[in-house]
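**Q** Chains as they are written, first to last, in the numbering used here: chain W, 117 to 568; chain C, 3 to 277.
Nothing false has been slipped in among the hints.
A few chain C residues that don't get close to chain W, going by computed Cβ distances all over 10 Å:
#1 76
#2 86
#3 143
#4 177
#5 225
#6 257
Label pairs and their calculated CB-CB ranges:
#7 W:542 to C:34: 54 to 60 Å
#8 W:531 to C:126: 53 to 59 Å
#9 W:504 to C:135: 28 to 34 Å
These aren't lab readings, by the way, just hints derived from the structure by calculation. Bear in mind the structure is a predicted one, so any value in this text is a computation, not a measurement. No residue lacks a Cβ here, since even glycine has one placed at the ideal position from N, Cα and C.
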Amino acid sequence: MTADPGETPTGPPGAGMVDLTADPEAAAADIPPALVAQSLGQYLRAWWLRVRGGNSGVLPVVLAIVVVAITFQIVTPEHAFLRPSNLVYIFGLSTVYMVLAMAETVVLLLAEVDLSVGAVALIGGVIAFKLVQQPGPDWPWWAAVLAALVCCGLIGALQGMLTAWLRIPSFVVTLAGFLLFSGILIIVLGGADASVNVSSSVPNQRVIYDMVQGLIVPVAGWVALAVVVGAAGTALWLRAAARRRQGLAAPPVSLTAIRIALVALVGVAVVMICTVNRGTSLVTVEGVPWVIPIVLVVLGAWTLVLQRTRFGRYVYAIGGNPEAARRAGVSLAAIRIWAFALCSATAGLGGILLGSFFYGEYSTNTADPGQLVLYAIAAAVIGGVSLFGGRGKAIHGVLGGLLIGGIAYGVSLLNLGELATPLEYILPGGVLLAAVLVDVLSRRGTGSVTRV
Amino acid sequence: MTEMNEAPEGASRGGDGGEPLLKLRGIDKHFGPVQALYGVDLDLPAGQVTGLCGDNGAGKSVLTRCIAGVHPPDHGQIYFDGRPVHIRSARDAAALGIETVYQDLALADNLDIVQNMFLGREPLHHGLLDEDSMERQAAETLSTLRVTTVRSIRQPVASLSGGQRQAVAVAKAVMWNSKLVLLDEPTAALGVVQTQMVLNLIERLRDRGLAVMVISHNLNDIFEVADRIAVLYLGRMVAEGPAADFDRQRVVEYMTTGSSGMRPFEPAGSASDEG
Chain W
117 MTADPGETPT
127 GPPGAGMVDL
137 TADPEAAAAD
147 IPPALVAQSL
157 GQYLRAWWLR
167 VRGGNSGVLP
177 VVLAIVVVAI
187 TFQIVTPEHA
197 FLRPSNLVYI
207 FGLSTVYMVL
217 AMAETVVLLL
227 AEVDLSVGAV
237 ALIGGVIAFK
247 LVQQPGPDWP
257 WWAAVLAALV
267 CCGLIGALQG
277 MLTAWLRIPS
287 FVVTLAGFLL
297 FSGILIIVLG
307 GADASVNVSS
317 SVPNQRVIYD
327 MVQGLIVPVA
337 GWVALAVVVG
347 AAGTALWLRA
357 AARRRQGLAA
367 PPVSLTAIRI
377 ALVALVGVAV
387 VMICTVNRGT
397 SLVTVEGVPW
407 VIPIVLVVLG
417 AWTLVLQRTR
427 FGRYVYAIGG
437 NPEAARRAGV
447 SLAAIRIWAF
457 ALCSATAGLG
467 GILLGSFFYG
477 EYSTNTADPG
487 QLVLYAIAAA
497 VIGGVSLFGG
507 RGKAIHGVLG
517 GLLIGGIAYG
527 VSLLNLGELA
537 TPLEYILPGG
547 VLLAAVLVDV
557 LSRRGTGSVT
567 RV
Chain C
3 MTEMNEAPEG
13 ASRGGDGGEP
23 LLKLRGIDKH
33 FGPVQALYGV
43 DLDLPAGQVT
53 GLCGDNGAGK
63 SVLTRCIAGV
73 HPPDHGQIYF
83 DGRPVHIRSA
93 RDAAALGIET
103 VYQDLALADN
113 LDIVQNMFLG
123 REPLHHGLLD
133 EDSMERQAAE
143 TLSTLRVTTV
153 RSIRQPVASL
163 SGGQRQAVAV
173 AKAVMWNSKL
183 VLLDEPTAAL
193 GVVQTQMVLN
203 LIERLRDRGL
213 AVMVISHNLN
223 DIFEVADRIA
233 VLYLGRMVAE
243 GPAADFDRQR
253 VVEYMTTGSS
263 GMRPFEPAGS
273 ASDEG
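With the hints as constraints, model all of the structure from the sequences given.
**A** As structure tokens, then:
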């Protein structure tokens, strides 16, 4: 009996009602392992079958991150890639891609694409930076950030309306948006070589400057980690226990424990890396950058919206089978418009983070909207979000963003001279192609029936 | 039998007495210059399976969509529970307790069974999806229909067999206290075993007192489950009555010529199986 997930499992004749147990391997390949397995051993077996069936979740991107980390550690001069200072820099750089990838994810889930995320992100960043200028508007930082996100949200809603109501392919609408807003960006910025800055010496501007550059004192970082892991772990544990008690589908106890342990482990590793003094002998630089909790909040919010709200459920339904969603009474246009609006608003936050990452300076030199959007889409797809809609989670955008950030920075460490710039495009391009291949092949493997 | 109301017009034509749950009288429907239905009358009694037969283009799907609210009829009257009703949208139909299982099933492959069954009608708890109550209710519905072969109701629909998908679509339709279920070609894409499973499921719906209308090309299936048979020919209802009054030969004649000059003869089975 061989597993062949390429075929939709059909019951063998004479087995009474359709009997999946007669061919457990073929059937198990598509089922989320946590829902079938009673013990950890069964879980691992079911999970492995699923991986072989091409439905591997975060596994490929996690493996890719490990491979990239090891490779760059070997090839970079002085084996500097995994130094804490470099890793923290990668976290900072990656957070921009992570947030943009999460923004792109919601649109990809609808089986649409938003090519304007890069340009819209930069518009959002410039708006926020312009509004806190001291000779100038001098808005409080939170109002400036809010205004930027609202502006971006409106831009997204507009693109969403063109896509949803007129059914112009989102590819075309957002390509036009990309060019349009790349141009408008230069106007808002005040010229092709103009720049706008926020300074760490002005208290109001400092909040924005500190979003990526600011550090949490190590002790507070550890306390926050303990609180977050404790709260999340308890919630996860209680929920799984309650579902198990009621006889609902829930993962085995050991799996819940392993998950919580993994989260704690990753958290401890990140805080430890960030706590190492990466300054010079004169200046102490240590602590977790503020951007890490910011990204975690965005991740939590998007996970909640996508997994636990009607909006999220309808996004997946439209991505999987728009006709089914329409017949179920879902307003496709409303969901699409909201998705584009939320995508662009999230992208606006990414733009603000980008300016903060470049030490508070915004200019057309530091920000290339074309590269940003390609990295955002690449990060989402590499992370495991399907280009064909209906499959993917916010966490995939985060992991994909980390991989892209790692590659981009690793290449810059290599002292390749002339070769560095081409490689910055070629490497992510190659990884993206590999990710799309995995996506396409796994989709073929799971035998989606309604999709041609 | 649950839907036994007082019967002002006397016994229904084919059933075991009582006012039919759904009554169509003089339904006309045209699309532009094309007349799809001409004055169609049809009774769908509760607790009975009505098989709707007809060749391609006879108007089976249009008639289904008239009842389901997708294409409201141009003329004619629909009575539900004895009351005249207007079904102008799928929501109107759902409010009356009429659910339709379309041939393509309208399931989202990437969602699991529970998510599909509640799509568009998710209960909320503090503004968030109430997964626990959805899962309980879905499990209960599936077990009352004795759909017990799925491993987990949390598995994506993509991983189900054709028969299981049909079962999920049917369970989705009956979960909402529906009174009438319309099934469009429920066995068209299924193998022998799975067809049997779906036919058993249809019988269980009848046993629960629902009115069921099954559209099928397959006369084997019709004769196996239908209590009543109705035949459409070029938009006209040419025959309607208890299944016992028909045999395959006659149904085929009605389907292909619109009339039957033949006497009821020959035991079922020797005539052609497919319409």
